[in-house]
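First to last, the sequence lines map onto chains R and D.
Counting in our numbering, the first sequence runs from 12 upward without gaps.
Counting in our numbering, the second sequence runs from 12 upward without gaps.
Be aware that one or more of the hints could be misleading.
Covered by chain D, according to a simulated footprint, are these stretches of chain R (three or more residues, beta-carbon under 8 Å) [claimed, not checked]:
(1) 361-371
(2) 395-403
(3) 468-474
(4) 537-548
Don't read these hints as lab results, they were simulated from the structure.
All of these numbers come straight from a predicted model, not from anything done at the bench.
The beta-carbon is built from N, C-alpha and C at its ideal position, and this holds for glycine as well.
2 protein chains.
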Amino acid sequence: MIERLLPGVAWMRRYDRESLRSDGLAALIVTIMLIPQSLAYALLAGLPPQVGLYASMLPLLGYALFGSSNALAVGPVAVVSLMTAAAVGKLASVGSPEYLGAALALALLSGGLLLAMGLLRLGFLANLLSHPVISGFITASGLLIAISQLKHLLGVEAGGHALPEILAALVAAAPETNPITLAIGLGALGFLFWVRHAFKAWLTRLGCGPRTADALAKAGPVMAVAVTTLVVAAFDLASAGVSVVGAIPQGLPPIALPPFDGELWAALLPSALLISVVGFVESVSVAQTLAAKRRERIDPNRELLGLGAANLAAGVSGGYPVTGGFARSVVNFDAGARTPMAGVLTAVGIGLTALFLTPLFHALPKATLAATIIVAVLSLVDLGALRRTWRYAKTDFAAMAATIVMVLAVGVEAGIVTGVALSVALFLWRSARPHMAVVGQVPATQHFRNVLRHEVVTSAHVLSLRVDESLYFANARSLEDRVYTLIAEHPRVTDLVLMCPAVNAIDASALESLEAINQRLAAGGVRFHLSEIKGPVMDRLERVDFLAHLSGQVFLSQHDAMRVLDPVATLRADIGSRPPQSSATLRTGA
Amino acid sequence: MIERLLPGVAWMRRYDRESLRSDGLAALIVTIMLIPQSLAYALLAGLPPQVGLYASMLPLLGYALFGSSNALAVGPVAVVSLMTAAAVGKLASVGSPEYLGAALALALLSGGLLLAMGLLRLGFLANLLSHPVISGFITASGLLIAISQLKHLLGVEAGGHALPEILAALVAAAPETNPITLAIGLGALGFLFWVRHAFKAWLTRLGCGPRTADALAKAGPVMAVAVTTLVVAAFDLASAGVSVVGAIPQGLPPIALPPFDGELWAALLPSALLISVVGFVESVSVAQTLAAKRRERIDPNRELLGLGAANLAAGVSGGYPVTGGFARSVVNFDAGARTPMAGVLTAVGIGLTALFLTPLFHALPKATLAATIIVAVLSLVDLGALRRTWRYAKTDFAAMAATIVMVLAVGVEAGIVTGVALSVALFLWRSARPHMAVVGQVPATQHFRNVLRHEVVTSAHVLSLRVDESLYFANARSLEDRVYTLIAEHPRVTDLVLMCPAVNAIDASALESLEAINQRLAAGGVRFHLSEIKGPVMDRLERVDFLAHLSGQVFLSQHDAMRVLDPVATLRADIGSRPPQSSATLRTGA
Numbered sequence: 012m013i014e015r016l017l018p019g020v021a022w023m024r025r026y027d028r029e030s031l032r033s034d035g036l037a038a039l040i041v042t043i044m045l046i047p048q049s050l051a052y053a054l055l056a057g058l059p060p061q062v063g064l065y066a067s068m069l070p071l072l073g074y075a076l077f078g079s080s081n082a083l084a085v086g087p088v089a090v091v092s093l094m095t096a097a098a099v100g101k102l103a104s105v106g107s108p109e110y111l112g113a114a115l116a117l118a119l120l121s122g123g124l125l126l127a128m129g130l131l132r133l134g135f136l137a138n139l140l141s142h143p144v145i146s147g148f149i150t151a152s153g154l155l156i157a158i159s160q161l162k163h164l165l166g167v168e169a170g171g172h173a174l175p176e177i178l179a180a181l182v183a184a185a186p187e188t189n190p191i192t193l194a195i196g197l198g199a200l201g202f203l204f205w206v207r208h209a210f211k212a213w214l215t216r217l218g219c220g221p222r223t224a225d226a227l228a229k230a231g232p233v234m235a236v237a238v239t240t241l242v243v244a245a246f247d248l249a250s251a252g253v254s255v256v257g258a259i260p261q262g263l264p265p266i267a268l269p270p271f272d273g274e275l276w277a278a279l280l281p282s283a284l285l286i287s288v289v290g291f292v293e294s295v296s297v298a299q300t301l302a303a304k305r306r307e308r309i310d311p312n313r314e315l316l317g318l319g320a321a322n323l324a325a326g327v328s329g330g331y332p333v334t335g336g337f338a339r340s341v342v343n344f345d346a347g348a349r350t351p352m353a354g355v356l357t358a359v360g361i362g363l364t365a366l367f368l369t370p371l372f373h374a375l376p377k378a379t380l381a382a383t384i385i386v387a388v389l390s391l392v393d394l395g396a397l398r399r400t401w402r403y404a405k406t407d408f409a410a411m412a413a414t415i416v417m418v419l420a421v422g423v424e425a426g427i428v429t430g431v432a433l434s435v436a437l438f439l440w441r442s443a444r445p446h447m448a449v450v451g452q453v454p455a456t457q458h459f460r461n462v463l464r465h466e467v468v469t470s471a472h473v474l475s476l477r478v479d480e481s482l483y484f485a486n487a488r489s490l491e492d493r494v495y496t497l498i499a500e501h502p503r504v505t506d507l508v509l510m511c512p513a514v515n516a517i518d519a520s521a522l523e524s525l526e527a528i529n530q531r532l533a534a535g536g537v538r539f540h541l542s543e544i545k546g547p548v549m550d551r552l553e554r555v556d557f558l559a560h561l562s563g564q565v566f567l568s569q570h571d572a573m574r575v576l577d578p579v580a581t582l583r584a585d586i587g588s589r590p591p592q593s594s595a596t597l598r599t600g601a
Numbered sequence: 012m013i014e015r016l017l018p019g020v021a022w023m024r025r026y027d028r029e030s031l032r033s034d035g036l037a038a039l040i041v042t043i044m045l046i047p048q049s050l051a052y053a054l055l056a057g058l059p060p061q062v063g064l065y066a067s068m069l070p071l072l073g074y075a076l077f078g079s080s081n082a083l084a085v086g087p088v089a090v091v092s093l094m095t096a097a098a099v100g101k102l103a104s105v106g107s108p109e110y111l112g113a114a115l116a117l118a119l120l121s122g123g124l125l126l127a128m129g130l131l132r133l134g135f136l137a138n139l140l141s142h143p144v145i146s147g148f149i150t151a152s153g154l155l156i157a158i159s160q161l162k163h164l165l166g167v168e169a170g171g172h173a174l175p176e177i178l179a180a181l182v183a184a185a186p187e188t189n190p191i192t193l194a195i196g197l198g199a200l201g202f203l204f205w206v207r208h209a210f211k212a213w214l215t216r217l218g219c220g221p222r223t224a225d226a227l228a229k230a231g232p233v234m235a236v237a238v239t240t241l242v243v244a245a246f247d248l249a250s251a252g253v254s255v256v257g258a259i260p261q262g263l264p265p266i267a268l269p270p271f272d273g274e275l276w277a278a279l280l281p282s283a284l285l286i287s288v289v290g291f292v293e294s295v296s297v298a299q300t301l302a303a304k305r306r307e308r309i310d311p312n313r314e315l316l317g318l319g320a321a322n323l324a325a326g327v328s329g330g331y332p333v334t335g336g337f338a339r340s341v342v343n344f345d346a347g348a349r350t351p352m353a354g355v356l357t358a359v360g361i362g363l364t365a366l367f368l369t370p371l372f373h374a375l376p377k378a379t380l381a382a383t384i385i386v387a388v389l390s391l392v393d394l395g396a397l398r399r400t401w402r403y404a405k406t407d408f409a410a411m412a413a414t415i416v417m418v419l420a421v422g423v424e425a426g427i428v429t430g431v432a433l434s435v436a437l438f439l440w441r442s443a444r445p446h447m448a449v450v451g452q453v454p455a456t457q458h459f460r461n462v463l464r465h466e467v468v469t470s471a472h473v474l475s476l477r478v479d480e481s482l483y484f485a486n487a488r489s490l491e492d493r494v495y496t497l498i499a500e501h502p503r504v505t506d507l508v509l510m511c512p513a514v515n516a517i518d519a520s521a522l523e524s525l526e527a528i529n530q531r532l533a534a535g536g537v538r539f540h541l542s543e544i545k546g547p548v549m550d551r552l553e554r555v556d557f558l559a560h561l562s563g564q565v566f567l568s569q570h571d572a573m574r575v576l577d578p579v580a581t582l583r584a585d586i587g588s589r590p591p592q593s594s595a596t597l598r599t600g601a
């Protein structure tokens with residue numbers, strides 16, 4: 012029973028020293044990576060640095076108790092931090108207590124929504140985010156985040172949530188650029204790019220083993236943080252105008268419910284929903300990728316519970332919305348994390364940092380944090396996906412391009428809403444004009460194929476129309492149109508067979524259309540038949556009196572239909588041009 | 012050329028005396044029916060009575076020049092009048108010049124939208140209104156209209172656009188009931204119900220021919236109007252508190268553009284869109300039903316142009332939104348209307364009425380008009396459709412019930428938006444969990460069927476999965492889940508065949524999922540094959556490098572796949588249990 016409520020305890024039973032050693036090492040590496048990240052993403056969200064640390068403690072415990080992934084590293088991530096800034100920035104100004112309170116409320120709301128979705132098994136909602144929309148959203152958010160961090164590299168004040176605003180503010184503020192800040196920022200940026208792209212190869216050439224080289228490369232941001240902090244502290248560059256993180260309160264997170272304010276919560280609800288869905292999609296795709304590598308399975312509904320618990324914990328412990336991060340989870344996995352205990356130990360590591368190490372970050376320049384963000388998010392930008400998607404399907408490309416343009420021009424929320432709405436609309440538009448083909452019999456087989464694509468035998472008075480889509484409200488009328496046009500073009504036809512092998516459902520609107528077709532054809536002396544109706548569709552048709560009114564019959568196969576309606580033509584097609592060998596070939600299975 | 016711009020002129024060329032006589036008779040009957048209706052529907056829309064007359068002149072000419080139906084009678088209708096009252100009532104108070112101006116602007120906007128939809132060939136947008144949603148919307152609107160008219164029967168003032176408001180206002184105002192008004196109203200109501208349900212049978216029993224009986228029954232509202240007007244005038248009941256139509260300005264409609272006010276127009280735009288779509292759907296379904304009876308065709312895009320021209324005309328000639336009315340069009344058709352000239356002549360008839368007859372309506376009690384509305388709209392109420400839809404499909408029932416509840420509880424606009432959104436959501440939800448079946452070969456045939464429904468032969472190491480839905484973003488992940496679960500359940504399997512005869516499209520998200528399946532199966536030593544892929548789907552797959560990475564093959568038919576992957580089992584199934592007669596039976600076509 013307790014295992015159903017707290018799936019976390021399942022792994023605890025079998026926990027041993029070996030697992031602890033493995034999880035401990037992974038937790039140490041992730042903690043070192045997470046410290047600068049949590050400070051940087053809090054900065055991106057417009058929040059004080061300690062909020063990033065708080066969001067990296069209790070939320071990790073919450074996920075460990077309810078989540079289903081052994082390797083997912085939960086905490087602050089770039090895209091959700093940007094969405095938090097956009098949502099909270101509409102309601103309060105950065106730095107105010109209201110801003111902080113709204114971020115807490117957003118985490119709590121988001122946690123509540125994720126839990127509710129998990130309990131109601133609504134994980135499938137995430138499927139509405141199509142792959143091109145997510146890909147476009149991540150790319151555009153990455154660009155937006157990178158550009159929004161330029162102000163920290165320049166050492167100027169500049170706000171804005173969409174590209175035009177941000178660029179205008181940057182241009183206006185550029186003359187105020189602090190040259191020392193810019194030097195530190197560009198230095199950190201150059202170093203981090205070099206670490207990411209050339210450091211490993213260089214270490215290997217120096218004779219370093221590949222695992223050590225990898226671990227040292229991952230420590231790049233920590234090195235940048237250490238070096239620039241030391242430089243700023245040594246030369247007291249803060250008094251020369253270099254913006255630094257400053258005093259971070261020492262201690263564990265405050266445990267308190269965020270202020271309840273009905274109006275505020277109502278205003279945050281749409282943003283909380285978007286953040287929940289985006290965070291869930293990002294998290295679950297990372298978790299699934301990693302689980303597959305070890306042949307483990309992820310339960311999306313349990314992921315919803317785990318992320319819900321994590322965000323509720325963030326909301327009551329001074330944090331802000333969190334989710335599973337991509338890069339951090341991969342590091343956790345590669346470093347050997349075996350169970351959620353790795354996350355628990357990471358939380359302990361961040362807790363020790365918050366208790367004892369925060370004075371070390373006093374002189375940490377914000378420009379360095381901005382540089383780590385820029386390097387991290389630019390790796391998410393994949394403009395090549397635009398080209399690949401264009402080649403495969405124009406509708407998918409349209410949804411992707413619209414998402415990118417809206418994220419950049421208007422903002423993250425407008426982007427995601429536009430992307431989802433457009434992909435649904437394009438899907439309906441496509442299925443509203445289904446592929447339909449007049450078919451004939453392929454000689455010497457029982458197959459019926461499109462008369463325009465194949466050499467087939469057709470009947471003079473029986474017309475067979477295959478419809479390649481479920482029949483529902485959006486396409487019912489186009490079926491009617493096609494049938495009436497066909498009948499008008501073929502005045503000698505006495506029977507129309509609607510061939511339905513690809514009709515997976517017929518809704519009430521389509522049923523009305525079939526009834527209208529049946530009546531109208533009967534009035535014109537044409538019988539209306541159906542063939543190859545799927546089992547579930549037939550079950551449903553039998554519940555109403557449509558089949559009783561049908562002027563024609565229902566045939567199990569199109570071949571049956573043609574044998575009954577035009578036996579002579581069908582017999583000819585069956586034997587007509589069949590070379591005697593071919594049937595023998597078929598029989599022997601060669 | 013001119014015929015393309017003004018399709019109206021096509022029928023003008025062949026116009027003769029016989030057609031004129033036929034159209035003239037139909038126009039006379041429709042005019043007599045339309046006079047009380049246009050006054051009543053203006054009352055329902057909260058507009059002065061002459062606005063109803065104005066909306067029955069130029070709009071009819073507009074439709075005649077561009078529309079494609081020979082029998083459609085355009086003008087004020089109940090549902091659109093109710094929607095106008097709801098839309099304009101949000102922005103101005105009844106009786107104010109702003110209210111009138113907003114109604115004009117609404118007609119103009121609606122006309123513009125319809126024209127734009129016609130020119131952009133967006134008629135398919137109307138398909139988003141599924142049959143259950145339209146049916147629920149009409150039923151609920153009918154109930155709402157009938158109840159909203161009770162205030163006129165009681166002779167009291169009571170407002171409100173949704174059921175709770177209207178009922179509360181009625182109950183509050185009930186003590187003010189004017190007994191004479193109530194007597195007139197109930198008398199008219201009883202008479203009209205009797206005319207509709209028993210009068211024709213009574214006339215026939217008196218020896219009246221069926222056509223004459225029919226014509227007399229149609230004249231019921233005119234009789235009720237004439238008798239109650241005479242009674243009120245004779246006894247001067249207006250001074251006893253009976254609310255009457257009063258002075259209607261004599262003359263033709265004023266030709267003027269409505270005031271341009273950007274904010275007002277922006278506020279009206281969503282309502283104008285809903286009115287356009289609902290009006291179009293109502294109109295085009297009437298037009299198609301009537302056209303089919305004479306084997307004529309309706310062009311939905313030309314209907315958009317016709318209705319657009321009609322509403323633009325209404326907007327510049329003192330009217331309000333119009334569309335094709337059901338009852339009136341049927342009368343027009345039955346009375347012999349052959350061409351749009353019948354509409355032109357009806358407009359002339361209403362014009363003569365506006366010029367010369369308006370003083371006759373001075374003493375017409377509003378209670379009589381309310382009674383004609385109630386009788387007309389209650390015939391639209393079809394609660395039985397709820398039961399029929401429940402039996403056929405629960406999802407369609409849910410969309411219908413939600414539409415009815417929202418129309419009654421919140422209002423017409425909330426109802427239609429909820430209905431459309433819910434039907435789209437339910438459609439996505441259904442197609443997000445596609446029917447998938449593991450299939451085996453039916454012995455002695457080349458057919459493959461669901462192993463759970465049929466006695467089939469399966470292979471020990473080849474698993475065949477048929478998916479009965481197009482693969483797209485909403486269901487791509489559930490396919491992945493199903494495949495991984497199947498493979499986990501069947502450890503001996505070396506080959507998986509995805510059978511795609513019902514897959515009409517594969518979008519970019521589904522392509523990603525197929526690539527993931529291919530990679531993950533390959534990592535586990537299972538080859539991934541595809542069979543029976545449709546032509547258009549294959550064309551698209553060939554544009555990307557998916558097929559090059561595919562660990563298995565693409566087979567034209569499932570039987571080909573099994574012959575190659577498990578020749579022995581397939582050979583056995585091909586010949587195994589085939590009774591020698593059955594093949595002979597098949598060949599002779601018996």
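Hint-by-hint comparison with the structure:
1. Three residues within the 8 Å Cβ limit are the bar, and the segment 361-371 of chain R against chain D gives 0, so the coverage statement is violated.
2. Against chain D, the segment 395-403 of chain R contributes 4 residues with a C-beta closer than 8 Å to a partner C-beta. That satisfies the three-residue criterion, and the hint holds.
3. Under a criterion of three residues with beta carbons nearer than 8 Å to beta carbons of chain D, the stated coverage of the segment 468-474 of chain R fails, only 0 such residues being counted.
4. With 3 residues bearing a CB less than 8 Å from a CB of chain D, the segment 537-548 of chain R meets the requirement of three and the coverage assertion stands.
Hint violations for this structure: numbers 1, 3, all remaining hints satisfied.
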